[in-house]
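Asks: Chains as they are written, first to last, in the UniProt record's numbering: chain A, 1 to 410; chain B, 1 to 410.
Simulated from the structure, these hints should not be mistaken for lab results. Computed from a predicted model, the values in this text were never measured in an experiment. Cβ coordinates follow ideal geometry from the N, Cα and C atoms, glycine included. Heads up, some of the hints might be wrong.
[As the list claims (entries may be wrong)] A short list of chain B residues far from chain A (calculated; beta carbon distances all over 10 Å):
| hint | residue |
| --- | --- |
| 1 | Gly111 |
| 2 | Arg161 |
| 3 | Gly166 |
| 4 | Gly190 |
| 5 | Gly211 |
| 6 | Ala217 |
| 7 | Phe239 |
| 8 | Glu247 |
| 9 | His268 |
| 10 | Ile320 |
| 11 | Ala343 |
| 12 | Leu399 |
[What the hints assert, rightly or not] A short, non-exhaustive set of chain A residues, derived as facing chain B with CB atoms under 8 Å:
| hint | residue |
| --- | --- |
| 13 | Thr48 |
| 14 | Ala90 |
| 15 | Ile141 |
| 16 | Gly144 |
| 17 | Val183 |
| 18 | Tyr235 |
| 19 | Asp236 |
| 20 | Ile334 |
| 21 | Ile379 |
There are 2 protein chains.
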Amino acid sequence: MKFFNVKTVPETHDIIREHFQATKKPITVALSNALGMVLAEEIISPETVPPFARSTVDGYTVKAKDTYGASESLPGFLDITGKIEMGKAADKLLQEGQAQYIPTGGMLPPGADSVVMVEHVEELGDLLNVYRQVAPGENVIQAGEDVQAGDVVLRAGRRLRPQDLGVLSAIGITEVSVFPRPVVGILSTGDEIVPPDKKELSPGEIRDINGITISAAARAYGATVIDAGIVKDEYDEFFTRAKELFEKVDLLLLSGGSSVGTRDFTVHVLEALGEPGILVHGVAVKPGKPTILAKAQGKPVLGLPGHPASAMIIFDLFAIPVLRQLEGLSTPAIDHRLSVRIARNIPSAVGRTDYVRVKLENRENELWAIPVFGKSGLITTMAESDGMVEIPASKEGILEGEFVRVKLFV
Amino acid sequence: MKFFNVKTVPETHDIIREHFQATKKPITVALSNALGMVLAEEIISPETVPPFARSTVDGYTVKAKDTYGASESLPGFLDITGKIEMGKAADKLLQEGQAQYIPTGGMLPPGADSVVMVEHVEELGDLLNVYRQVAPGENVIQAGEDVQAGDVVLRAGRRLRPQDLGVLSAIGITEVSVFPRPVVGILSTGDEIVPPDKKELSPGEIRDINGITISAAARAYGATVIDAGIVKDEYDEFFTRAKELFEKVDLLLLSGGSSVGTRDFTVHVLEALGEPGILVHGVAVKPGKPTILAKAQGKPVLGLPGHPASAMIIFDLFAIPVLRQLEGLSTPAIDHRLSVRIARNIPSAVGRTDYVRVKLENRENELWAIPVFGKSGLITTMAESDGMVEIPASKEGILEGEFVRVKLFV
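Chain A extracted, bound-state conformation (with noise of 0.2 Å):
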């Protein structure tokens, strides 16, 4: 099969961001199965945290005025009038002169504007000797300075986190609204291909790789899969069982087609699923050149090369992408690669973009990429390596000692 018109991996992102976006409508959950979500609205508070200006320590809280001076030798006398217990009002006027019991998290009575350290005093009955001066706000977390009501605290199109739960949580917010995790559906092809649980296998026969592979990178990226198993190379069994998966996703992945009748096949296929059809035909990366991308009826599907390596590393080059975009993720991914030396030279061809398994190793409390060599249809390649070194369309290769990028699978 010719490839006539193979795209970069920057040009193939761009397509992926320009033709899929969120299209489900948002669901309601709760807080406690958010997590990992993206939000579909803005959270606006409707309360202020805290509500009420809150001791950071325990100790006692005064006027700052009333402390000016105060130091080892020459202590502050206040008048002890009271004890703030938690969890309870703070009613009693604070006056000149005086102090109060409070413990850390309590609430400041009216009056009072900062808190002394129990460490820096000393009670004697009802007189209280303070060591050192305080400055008004000091050791206090005053009303409203974690939010004030009518803050914008999150914004549409952010994956939720826990501390991001915590946010909710403080403002009284127990319920959502988030884009439904997407679904995935996931068909292997190839007459080679049998179950891996078939005991004995015949002459040329193979078990399958990429659907556990794949199905499990994409449950770790927080996706539900309906892994459809096997099809043979047999263009209405495939194109039946490709249609009634293609009807149940958000994305059709089809894991395959390495010789030229499976590729012929899946060509014809995802062309059959609809309109607009192919979108991208070939891209130029090794390993994984034989990628398709289409686009049928709004949906996204991707024809995954068959070898187990390149199959995981173009899954998580696109297929990725795609998943985020389809969850309405409108906050930039964070550039998670390491920056390590590479441990031998490895040669590049220019214009394309190369992937290479690389294990870490510690030097010297340096860590360097040690390549894992292998060809992409090798799974224990994949095994033994921590992550992959992207070479760069732009570059002719990579010298040994140099810094590399390394995404690191997880």
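Position chain B relative to chain A; hints supplied.
Replies: Frame of chain A, contents of chain B only:
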């Protein structure tokens, strides 16, 4: 409360490694449920993968020596004597001067040692013109090139990634022995703490934040979580609820106790749960000094500081290493921290490890960490941050422009 014997962060990590190991019996799970679990057995391959030599391209399988000297200007001529079918035995002997058509992934017939790509031949009826010579083994994955029967393919103590499941599928192993996921229990304390769903707060009340953030962080790690809610600062109830939860979990987290009263309760509860009791009482870390680590009846109990940002940082710093031990993970954690420049001077005390929340910003294609200042009682500082920078105990601070390591919040 006094901290008589404050430990450093590395000392606390040593204590964790020394005291806690995988104690639960391994369980057998299907591969489809094994992602992210820690392998409890060594896997020795019962099979050779691939079980036969396969072609990595579409083309003609030949004896390499029959192609020697072939070129565009001086092609070699071979007789086409057959066609290998995918997934079928290739049992027709290939003799000198012969070629058989072979698809990608097809089985090499006896007598063949290499494959000429379809791009480098021309078919003229039963005659094949060969325009390029190949070496023995060219375009072939040899039998056993991926896995040899008897190879140790995966070692115990490793967390199973998608590609590891792929290796298992390839050798026909469809279930594995793994350590069960740890069960984490969380109990929040404090008289001022009320459930997030309480509509109107009374003066002095604050909604619980740590319950949701720490539950979510534990779930994000992969633990099973029991969130036992909030308990008042009353010793008998606190002990009863903590004990009840302790019996059900592998790691008990007590959150809160920022005031003297609750801190003292927490210490007493930890001591009453069983021998040997408290291992670490105070850590030289900011935020998070009032951290308590205990062991009772072989199980870990961690007292987290009450401030939301402190609680999350201490969870990450100490609860995650405890969970790794409980899971039987024996591969060292890869240092995932990014090396970026810090945008401001930050002072720090020698002898104490500081964690500074930061936001990442791209400046001229280089990542910079912008400190997010704010008291550790504020949850919004965590929501604004992308990660945290560690200032080691040996340093007096960091200077603007200096490279620092950022641990990303994921």
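Asks: Would you check whether Val183/A satisfies its interface hint, that is, whether its CB is within less than 8 Å of any CB in chain B?
Replies: Not OK, violated: Val183/A not within 8 Å of chain B, min 16 Å.
Asks: Would you assess whether Gly111/B, listed as outside the interface, keeps its beta-carbon beyond 10 Å of every beta-carbon in chain A?
Replies: Given a closest Cβ separation of 15 Å, the condition holds.
Asks: Could you check that no beta carbon of chain A comes within 10 Å of the beta carbon of Glu247/B?
Replies: 23 Å, holds
Asks: Verify this label for me: Gly211/B is non-interface relative to chain A, using a Cβ-Cβ cutoff of 10 Å.
Replies: 7 Å, violated
Asks: Verify the interface restraint on Tyr235/A: the C-beta must sit less than 8 Å from at least one C-beta of chain B.
Replies: Since the shortest Cβ distance to chain B is 15 Å, the answer is violated.
Asks: Is the nearest CB of chain A more than 10 Å from the CB of Arg161/B?
Replies: 6 Å, violated
Asks: For Gly190/B, is the shortest beta carbon distance to chain A beyond 10 Å?
Replies: Violated, because the least Cβ-Cβ distance between Gly190/B and chain A comes to about 7 Å, which does not exceed 10 Å.
Asks: When you look at the beta carbon of Phe239/B, is every beta carbon of chain A farther off than 10 Å?
Replies: Label holds. Min Cβ-Cβ 18 Å, cutoff 10 Å.
Asks: Is the nearest CB of chain A more than 10 Å from the CB of Gly166/B?
Replies: 4 Å, violated
Asks: Is Ala343/B truly not at the interface, in the sense that its beta carbon sits beyond 10 Å from all beta carbons of chain A?
Replies: Label holds. Min Cβ-Cβ 16 Å, cutoff 10 Å.
Asks: Using 8 Å as the Cβ threshold, decide whether Thr48/A counts as touching chain B.
Replies: 10 Å, violated
Asks: Checking hints one by one. Is Asp236/A an interface residue toward chain B, by the C-beta closer than 8 Å rule?
Replies: 18 Å, violated
In this structure, the earlier hints numbered 2, 3, 4, 5, 6, 13, 16, 17, 18 and 19 are contradicted, and the remaining ones agree with it.
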